[in-house]
Amino acid sequence: MILRPALIVLMLAPASALAQTWPQQKCALFTEAWATSAPAEGKGAPSPGFRQKIEAFIASGCETPRDACPATKADVELADALALIVALEGMSTTFLPIACP
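Here the sequence shown stands for residues -19 to -1, 1 to 82, where the numbers follow mature numbering (1 follows the signal peptide of the UniProt record, and there is no 0).
Keep in mind that the hints were calculated from the coordinates and are not lab data.
Do not rely on the hints blindly, as some may be mistaken.
Dumping the calculated DSSO-like pairs for lysine-lysine here, alpha-carbon to alpha-carbon at most 30 Å [claimed, not checked]:
| no. | residue 1 | residue 2 |
| --- | --- | --- |
| 1 | K24 | K54 |
| 2 | K54 | K7 |
| 3 | K7 | K24 |
Quick list of the computed label-pair ranges, beta carbon to beta carbon [to be verified]:
| no. | residue 1 | residue 2 | range |
| --- | --- | --- | --- |
| 4 | Q1 | C81 | 26 to 32 Å |
| 5 | T75 | E13 | 17 to 23 Å |
| 6 | E22 | Q1 | 27 to 33 Å |
| 7 | A26 | P4 | 25 to 31 Å |
In this text, all values refer to a predicted model and were calculated from it rather than measured experimentally.
From the three backbone atoms N, C-alpha and C, an ideal C-beta is built for every residue, glycine too.
Could you build all of it, start to finish, from the sequences and the hints given here?
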């Protein structure tokens, strides 16, 4: 049996990469970044309002709303960390749900 090169590439690719679109992959990466970067409590924890807005964005499948405005030093530091993570993952920082009036 002779396998075509394209089929071999598909067989070697992780199943999750084949099953997800780029927007789904971005949302999964952002969700993981948030889960690992945002402590639930303590000095580095985001403010309740910032947390609620980010988690609403994740719950929407990373579609809307994009209105999380950092209000505390911890929020700003977390927003900066998330921006760095998404950039390192190959996303534009415009993906982030961070916007202030």
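**Q.** Hints not upheld, ascending by number
**A.** none
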